[in-house]
Amino acid sequence: SQKIEQNSEALNIQEGKTATLTCNYTNYSPAYLQWYRQDPGRGPVFLLLIRENEKEKRKERLKVTFDTTLKQSLFHITASQPADSATYLCALWGGSYIPTFGRGTSLIVHP
Amino acid sequence: DGGITQSPKYLFRKEGQNVTLSCEQNLNHDAMYWYRQDPGQGLRLIYYSQIVNDFQKGDIAEGYSVSREKKESFPLTVTSAQKNPTAFYLCASSIAPSDEQYFGPGTRLTVT
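Line by line, the protein sequences give chains U and Z. By our numbering, the letter at position 7 of the first sequence is numbered 7, and the numbering carries on one by one without gaps. By our numbering, the letter at position 34 of the second sequence is numbered 34, and the numbering carries on one by one without gaps.
A portion of the hints provided could be inaccurate.
[Claimed, not checked] Keeping only pairs whose Cα atoms sit at most 25 angstroms apart, straight-line, the calculated DMTMM-like set for lysine to aspartate or glutamate is:
no.	chain 1	residue 1	chain 2	residue 2
1	U	K71	U	E15
2	Z	K9	U	D39
3	U	K63	Z	D38
4	U	K3	Z	E100
5	U	K71	U	E52
6	U	K3	Z	D59
7	U	K71	U	E54
8	U	K63	Z	E100
9	U	K3	Z	E24
10	U	K3	U	E15
11	U	K59	Z	D99
12	U	K3	Z	D99
13	U	K71	Z	D99
14	Z	K71	Z	E24
15	U	K57	Z	E100
16	U	K71	Z	D30
17	U	K59	Z	E100
18	Z	K14	Z	D54
19	Z	K83	Z	D38
20	U	K71	Z	E100
21	U	K57	Z	D99
22	Z	K57	U	E9
23	U	K3	Z	E15
24	Z	K83	Z	E100
25	U	K55	Z	E100
26	U	K55	Z	D38
Don't read these hints as lab results, they were simulated from the structure. Nothing here was measured: the structure is a model prediction, and the numbers come from that model.
Build out the structure end to end from the sequences listed, making use of the hints.
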């Protein structure tokens, strides 16, 4: 069955460092992959979209990579700030154009 | 001010009662979605609609029903047949099915 894995353990880093979050998938051939940020008790907010034929996408301090051979996407936040603390969700779209979301990874940036 | 709204933010119901959650968007989006989120879990798709008067079951549609009579509105009814209805419910919309999704603030439903 299709499976999306994000690290369930929280990622703790110091302010100013680069945070790297991982999204692995199996039994899936996604056409698109998206990353969202979710704060407690609120709806997710879209961050970045990357297509299967793209290797990397950037937006300000954010960078996403997509390796269809490794079946993995990495999400990087450079020069992290305490305000970046949140849960980050990856979502994959396959041929049906219906999304499947991962459980998310909590990022905690310490001042 | 364009956006997607859900009401109410908190909802309490007794077991055995049906309850309808509201979702409205003024973004002129064709696609709308309902998700359920449980603690420590990802978003699970309940129903989705790609166009007015059409909707499809998602992964966990049992015990839920929807309607899409207007482009702007996609209400979700949680019926008494839903075994474990207490959860955080999120509505989303997008221009097209593969585009970024805009989420509402969510409704936290508690059934006792």
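Evaluated hints:
1. For the proposed pair K71 of chain U and E15 of chain U, the alpha carbon gap of about 29 angstroms is over 25 angstroms, so the pair is violated.
2. A threshold of 25 angstroms between alpha carbons decides the hint, and for K9 of chain Z with D39 of chain U the separation of about 15 angstroms falls inside it, so the pair holds.
3. For the hint pairing K63 of chain U with D38 of chain Z, the CA-to-CA distance comes to about 28 angstroms; that exceeds 25 angstroms, so the pair is violated.
4. For the hint pairing K3 of chain U with E100 of chain Z, the CA-to-CA distance comes to about 21 angstroms; that is within 25 angstroms, so the pair holds.
5. Of the supplied pair hints, the one linking K71 of chain U and E52 of chain U holds, its CA atoms being roughly 10 angstroms apart against a limit of 25 angstroms.
6. Between K3 of chain U and D59 of chain Z, the direct Cα distance comes to roughly 13 angstroms. Compliance with the 25 angstroms bound is thereby established for this hinted pair.
7. Distance check on the hinted pair: K71 of chain U and E54 of chain U sit about 13 angstroms apart at the alpha-carbon level, within 25 angstroms; holds.
8. Using a Cα cut-off of 25 angstroms, the hinted pair K63 of chain U and E100 of chain Z holds, with the two alpha carbons roughly 17 angstroms apart.
9. For the hint linking K3 of chain U to E24 of chain Z, the alpha-carbon distance of about 31 angstroms lies beyond 25 angstroms, and the restraint is violated.
10. Taken as a hint, the K3 of chain U and E15 of chain U pair is broken in the structure, with Cα atoms around 32 angstroms apart against an allowance of 25 angstroms.
11. For a cut-off of 25 angstroms, the pair hint linking K59 of chain U to D99 of chain Z stands: about 17 angstroms separates their Cα positions.
12. Taking the CA atoms of K3 of chain U and D99 of chain Z, the gap is about 21 angstroms. The hint holds against a cut of 25 angstroms.
13. At roughly 21 angstroms between alpha-carbon atoms, K71 of chain U and D99 of chain Z fall within 25 angstroms of each other, so this suggested pair holds.
14. Restraint check: the Cα-Cα separation between K71 of chain Z and E24 of chain Z comes to about 9 angstroms, which is no more than 25 angstroms; the hinted pair holds.
15. With a CA separation close to 15 angstroms, the supplied pair K57 of chain U and E100 of chain Z stays within the 25 angstroms bound.
16. At most 25 angstroms may separate the alpha-carbon atoms for a hinted pair to count; K71 of chain U and D30 of chain Z exceed this at roughly 30 angstroms.
17. Among the hinted pairs, K59 of chain U with E100 of chain Z is consistent with the structure: their alpha-carbon atoms are about 15 angstroms apart, no more than 25 angstroms.
18. For the proposed pair K14 of chain Z and D54 of chain Z, the alpha carbon gap of about 31 angstroms is over 25 angstroms, so the pair is violated.
19. In summary, the hint linking K83 of chain Z to D38 of chain Z is supported, as the alpha carbons are separated by about 14 angstroms, within the 25 angstroms threshold.
20. Between K71 of chain U and E100 of chain Z the alpha-carbon distance is near 21 angstroms, which keeps this suggested pair within the 25 angstroms criterion.
21. Distance restraint check for K57 of chain U and D99 of chain Z: the Cα-Cα separation of roughly 16 angstroms lies within the 25 angstroms cut-off, and the hinted pair is therefore satisfied.
22. Proximity of K57 of chain Z to E9 of chain U is assessed by CA-CA distance (about 32 angstroms); at most 25 angstroms being required, the pair is judged violated.
23. Note on K3 of chain U and E15 of chain Z: the hinted pairing is violated, with a Cα-Cα distance of about 33 angstroms set against a maximum of 25 angstroms.
24. Between K83 of chain Z and E100 of chain Z the CA atoms are separated by roughly 31 angstroms; this puts the pair beyond 25 angstroms, and the hint is violated.
25. This hinted pair checks out: K55 of chain U and E100 of chain Z have alpha carbons roughly 19 angstroms apart, not beyond 25 angstroms.
26. For the given pair, K55 of chain U sits about 32 angstroms from D38 of chain Z by alpha-carbon distance, which is inconsistent with the 25 angstroms threshold.
The structure shown violates the earlier hints numbered 1, 3, 9, 10, 16, 18, 22, 23, 24 and 26.
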